[in-house]
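Chemist: Sequence:
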Amino acid sequence: MEAPELTFWNLLFWGVASVLKFVVTPSAMIASGHSAWVAWALTTFGSALGVLGFWHFGKWWFQWLEARMGPRPDRGKRIFTPRRRRIVRVKNALGLRGLLLASGLISVPVAATLGAKYFRSQPTAKYLLMLAFALWAAALTTVSWLLKQGVS
Numbered sequence: 004m005e006a007p008e009l010t011f012w013n014l015l016f017w018g019v020a021s022v023l024k025f026v027v028t029p030s031a032m033i034a035s036g037h038s039a040w041v042a043w044a045l046t047t048f049g050s051a052l053g054v055l056g057f058w059h060f061g062k063w064w065f066q067w068l069e070a071r072m073g074p075r076p077d078r079g080k081r082i083f084t085p086r087r088r089r090i091v092r093v094k095n096a097l098g099l100r101g102l103l104l105a106s107g108l109i110s111v112p113v114a115a116t117l118g119a120k121y122f123r124s125q126p127t128a129k130y131l132l133m134l135a136f137a138l139w140a141a142a143l144t145t146v147s148w149l150l151k152q153g154v155s
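Counting the sequence shown from 1 gives a position; our numbering is that position plus 3.
Hints in this document: simulated from the structure, not taken from any laboratory.
Any given hint could be a false lead.
[As the list claims (entries may be wrong)] Taking CB as the label site, the calculated pair distances span:
id	residue 1	residue 2	range
1	Val27	Lys94	43 to 51 Å
2	Thr145	Phe65	33 to 41 Å
3	Thr127	Glu8	34 to 42 Å
4	Lys80	Ser35	33 to 41 Å
5	Met72	Phe16	31 to 39 Å
6	Trp64	Gln152	37 to 45 Å
7	Gly56	Ala105	34 to 42 Å
8	Arg89	Phe48	29 to 37 Å
9	Pro7	Gly73	28 to 36 Å
C-beta: ideal position from N, C-alpha, C; glycine also.
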């Protein structure tokens with residue numbers, strides 16, 4: 004099978020796909036005939052741009068919500084439901100490491116927004132998240148490539 008041509012639109016499509024559907028993009032690229040290196044590079048680049056975009060958008064969005072709703076004392080005491088307790092317990096138990104480990108499974112927008120919400124005070128968090136997506140992309144691309152080699 005001949006490798007597909009990498010046009011601007013093709014690159015744009017795979018870059019957007021890597022942000023929106025990160026888990027399936029490396030497999031889809033390998034299945035469409037791209038090399039493992041191209042699949043890894045485009046998935047990593049797209050997810051890194053997605054992390055940057057959603058990190059800053061998430062930060063802005065939470066600041067906007069806080070400005071619109073007012074400071075916490077004006078809104079009254081926070082009610083801790085069982086669901087909120089569970090979320091706080093998981094966040095405190097797993098922290099940034101947990102987000103990095105789960106990032107490939109929970110998608111770029113969700114991981115970056117959660118990172119911006121809970122870990123923006125840690126200066127390396129954004130870059131660690133990009134690194135985590137690069138490692139996830141390498142793992143997913145390798146598995147997809149090995150499966151394709153075994154099938155063909």
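Chemist: For each hint, tell me whether it holds in the structure or not.
Modeler: How the hints compare with the structure:
no., hint, verdict
1, Val27 <-> Lys94: 43 to 51 Å, "violated (27 Å)"
2, Thr145 <-> Phe65: 33 to 41 Å, "holds (36 Å)"
3, Thr127 <-> Glu8: 34 to 42 Å, "holds (38 Å)"
4, Lys80 <-> Ser35: 33 to 41 Å, "violated (54 Å)"
5, Met72 <-> Phe16: 31 to 39 Å, "holds (38 Å)"
6, Trp64 <-> Gln152: 37 to 45 Å, "holds (43 Å)"
7, Gly56 <-> Ala105: 34 to 42 Å, "violated (20 Å)"
8, Arg89 <-> Phe48: 29 to 37 Å, "holds (35 Å)"
9, Pro7 <-> Gly73: 28 to 36 Å, "violated (52 Å)"
Consistency with the previously given hints fails for numbers 1, 4, 7 and 9, ordered from lowest to highest.
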